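S.K.: In this note's numbering, the protein residues as written are 1 to 297.
Hints are computed from structural coordinates only; laboratory data are not their basis. Note that the structure is a prediction, hence the values are computed from the model and not measured. Be a bit skeptical, because a hint or two may be false.
[Said to hold, decoys possible] In silico DSSO-like pairs for lysine-lysine, Cα to Cα no more than 30 Å straight-line:
1) 248 <-> 287
2) 284 <-> 248
3) 284 <-> 217
4) 217 <-> 248
5) 217 <-> 287
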Amino acid sequence: MKYVQALCLLAALHGSAAIAAAQTSGAQGPEEAPHRRQVWSVASPDPNTSSRAVLFRPPGNGPFPLAVIAHASTQNALRRAQMPQPEYRALASWFVRRGYAVLVAERPGHGVTDGRYLEDQGGCDNADYLGAGRATADSIAAAMTDIRRQPFIRSDGTIVIGHSAGGWGALAMAGANPQGVRAVIAFAPGRGGHANDRPNDVCAPQRLIAAVATFGKTAHVPVIWLIAHNDSYFSPDLSRQLADAFRKGGDRVDFHELPDFRSEGHWLAESDGGDDIYGAALDKALKAVLTSPATTR
């Protein structure tokens, strides 16, 4: 994967007019509560689009290990355009309390970041889950590489956390074994869920299983896979099939089916209070990963 180093951000102001403002990578405002929250602009794979991001940090000067959170997505262009800035505050806070700086970057084609949507999977029957996942992985890697240039961020020990389509991209990224990534945490990873807005209906599930097996063939990064019992996008049964297909390549996958979360388990990762459900399992799984020797690449 090849990543861009210097970019311009075309910030679209939704309304009667759209005003593009060129920006460079770096902080775009002051720190504020909680956890030194700060708006940043970071690199994306599109040379014409920088990603709007939110950065959280512990007290002090660091350098801190990095946790990168990759958000969910949708094939619906209007819904993508209307997406609020993803922050995952409860999940970010969980990592900040453990000493991590946390970056949550919008990917191109979403919200105020705007730009070209790079991770289109195409039609339902012939969905290109491989291409979509790899495009998402490119965006995660570009943002990660950019922020790791900062002196307060360590270049090693990074944790990549993905939710839904972001989790799918994190699995694709695991298949590339990026330098300095210690583990991948995937909350309800997948693509094509809620086909035609129908719960428990997934576009071409066999294509999804085949694609994740391809990611797993080359992956050596430990993966922690989390799914709520009442997830109607990717059920625990389908998620187990995906995890089994991924681990056939010899990769380490720690799969956890978690209890129901409110009325829809798919939103566990991004909701306040979700840490009450995933916190203990994630803490135990992550400690096991971080105390084991890193895989030689």
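S.K.: For every hint, state whether the structure bears it out.
M.R.: How the hints compare with the structure:
The hinted pair formed by residue 248 and residue 287 meets the criterion: a straight-line CA distance of about 24 Å does not exceed 30 Å. Our distance criterion of 30 Å between C-alpha atoms is met by residue 284 and residue 248, whose separation comes to about 24 Å. For a cut-off of 30 Å, the pair hint linking residue 284 to residue 217 stands: about 26 Å separates their Cα positions. Between residue 217 and residue 248 the alpha-carbon distance is near 7 Å, which keeps this suggested pair within the 30 Å criterion.
Among the hinted pairs, residue 217 with residue 287 is consistent with the structure: their alpha-carbon atoms are about 25 Å apart, no more than 30 Å.
Comparing the model with each numbered hint stated earlier shows that all of them hold.
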